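Student: Given chain V, put chain H in place with the hints provided.
Protein chains: 2
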Amino acid sequence: MHVSNHLLVDTLSGKPTNRTPVWLMRQAGRVLPEYRKVRETAGSFKTMVTRPELACEVTLQPVDILGVDAAIIFSDILVVPEAMGLRYEMEENKGPVFPHTVRSANDLAKLHVASADQLHYVMEAIRLARRELNGRVPLIGFAGAPWTIFAYMIEGTGSKTFSRARKMLYNEPHLAHQLLDMITQSTINYLNGQVAAGAEVIQLFDSWAGILGPDQYHAFSLPYIHKICREIAPVPTIVFAKGAFFARRELNNLPCDGIGLDWTMDSRESRRIIPDKVLQGNLDPCALYASAGDIRRETTRMLDAFGPERYIANLGHGLYPDTEVDSVKCFVDTVKSYREKVPRE
Amino acid sequence: MHVSNHLLVDTLSGKPTNRTPVWLMRQAGRVLPEYRKVRETAGSFKTMVTRPELACEVTLQPVDILGVDAAIIFSDILVVPEAMGLRYEMEENKGPVFPHTVRSANDLAKLHVASADQLHYVMEAIRLARRELNGRVPLIGFAGAPWTIFAYMIEGTGSKTFSRARKMLYNEPHLAHQLLDMITQSTINYLNGQVAAGAEVIQLFDSWAGILGPDQYHAFSLPYIHKICREIAPVPTIVFAKGAFFARRELNNLPCDGIGLDWTMDSRESRRIIPDKVLQGNLDPCALYASAGDIRRETTRMLDAFGPERYIANLGHGLYPDTEVDSVKCFVDTVKSYREKVPRE
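Residue numbers (numbering that gives the first Met the number 0), protein chains in the order written: chain V, 0 to 344; chain H, 0 to 344.
Be careful, since some hints might not be right.
Because identical chains cannot be distinguished in the list, a pair is counted as satisfied if it fits within a single copy or across any two copies.
To be verified - Subject to a maximum C-alpha distance of 27 Å in a straight line, what follows is the list of computed DSSO-like cross-link-like pairs (lysine-lysine): (1) Lys109 x Lys226; (2) Lys159 x Lys328; (3) Lys159 x Lys45; (4) Lys226 x Lys45; (5) Lys226 x Lys14; (6) Lys335 x Lys109; (7) Lys335 x Lys45.
Everything labelled a hint here was simulated from the structure, so no lab data went into it.
Here the structure is a predicted model, which means the values were calculated and not measured.
So here's chain V without its partners, still in its complex pose (with noise of 0.2 Å):
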């Protein structure tokens, strides 16, 4: 027995819900002893990502021990770059490494557009969690923004600064848009795979947004997104940029339906600049270190600063992964019981 929760979907349809939707970003991952059973079994993150009953496992594991009322597919951005053609390792407490990197027109000559078929091993994942979801809640699919995508590709790992990714804006710009342009139709073949394959809601990650000043953002981000807002299915879609706050102007006119906000961002401010939006966010993850009382007053803070309407609870960033399990669930137990609004139809 179970009941089906739209809440999120019907959130972001602007359609009236009796409260407001909760979700967590990494709420698949080591936050969970469940999840770490299933890594350690793997024996690797990849192996993990790469098969579909292991990520259909950890897809749901926050659903079944937290009581979100989202699923999101466990996955990771950079497997589209690597279905371009660039692989790439995950090293533990190092993060994602490329051996090879684009630096040059010849190094682009070597990349394809990666179709949906390529990552066939996500859609597998998707079918199997929606399949054991059953209709409980949501699947969230995601992708990276091309921007962050790119970020990685021409960097080969995290950095603080992101230069090499941002010199070839200014020394290479039609290079830059030509990479762009790839992984744009990579995502957008990869999206429309994941909404075929059963992914009810999208959202997007531009994770470097906030390393670009607003005319490189203008130019080399915003347009991408755009697109692949544009083409993918029609299904509700979400844009999480973090850092562009200097873009939220822009990320109002985008042809999306929710606005997801880091914790840098004011929620009222957010509100004025965003006012066409779903919001979405925007608690810091650190937040989840404090005692269970000061979790309640912060998230009702936050509650109260967004307001019911148009509103979807989560954090400002992914969970760190040393939070402790009852502060993630006191998290969202005072999300579920914040307000019992009356249902207006």
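Tutor: The following block gives chain H in isolation, referenced to the frame of chain V:
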């Protein structure tokens, strides 16, 4: 024979000048072959910091080679925590590493408020540099802002999230304030020593401002910056709070003279939010990877946008080490030849 250049001090003091002053964060650094030669002879970064004649030598290099309107003493913000009792090493390609960090009241009890005497080598470098500069351009002294120093002392090294440091703000705020107080008092002692030794302008670097949310920045960073600005000897003071777009209204109310902007902050919007301060910045350091023509165009656009009054030309972050010297010169020369203003007195 030399001409004294008062452009920077006059601009910060609100006096009319006949052109915009220009200097660059990290102008004394790896971008100059002359610096790399001294660095090689010294053997380590910390040797350069602690030997006054070497620090003095590299402080003067950009004045002679690049023609900037100010020198900034060559040093490191982490000499303050070291003087407080927390030794660090500068590791090649990794950055600073503290073998011991502060995680408890017990760790805190081992530290003390630093005196200026403990950092005598910086004072000596300042005295030497003033003598060598002989009035050609003013000498800038500097320190890290307390939150940024705190972040390194807790985390022990650079970090993408500084989540351990931010965690302490949530779960041990009292301990955090105690340490921030000690850093603040050490910094006041240190900067007063710098001014006594001859520093003519002070810049505070809050390099990790942007990883705090607005409420936490208000609670854990701004009051300490405010106290430093109020309690140091009266020389023109600039505060550079990287990433703190959300705090610009509060930065406008600090008892300082200039506010540094990073490259994500729009110049005209920042003028509106920070009407009472001289602004400094903010070209993307990656713009210096472009062609000379593009550097001139981007620099001119920046100068047009900030306008000629109450403005100091600079980058929005430190120079990246692989920038071409000619590109840095192109930036400096573009500012210097931009506009011959008619002197108003």
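Student: Taking the hints in turn, state whether each one holds.
Tutor: Verification of the supplied hints:
For the homomeric pair Lys109 and Lys226, the shortest alpha-carbon distance inside one copy (24 Å) is at most 27 Å, but the shortest distance between copies (57 Å) is not. In this homomeric assembly, Lys159 and Lys328 come within 27 Å of each other (Cα to Cα) only across copies, at 26 Å, whereas the closest approach inside a single copy is 32 Å. In this assembly of identical chains, the alpha carbons of Lys159 and Lys45 lie at most 27 Å apart whether taken from the same copy (24 Å) or from different copies (22 Å). In the homo-oligomer, the alpha carbons of Lys226 and Lys45 never lie at most 27 Å apart, since the shortest distance is 29 Å inside one protomer and 50 Å across protomers.
With identical chains, the CA atoms of Lys226 and Lys14 are at most 27 Å apart within one copy only, with a shortest distance of 26 Å there and 50 Å across copies. Within a single copy, Lys335 and Lys109 get their C-alpha atoms no closer than 50 Å, and across copies no closer than 45 Å, so neither meets the 27 Å cut-off. For the identical chains of this complex, Lys335 and Lys45 are neighbours neither inside a copy (34 Å) nor across copies (53 Å), given an alpha-carbon limit of 27 Å.
This entry does not satisfy hints 4, 6, 7, going by the numbered hints stated previously.
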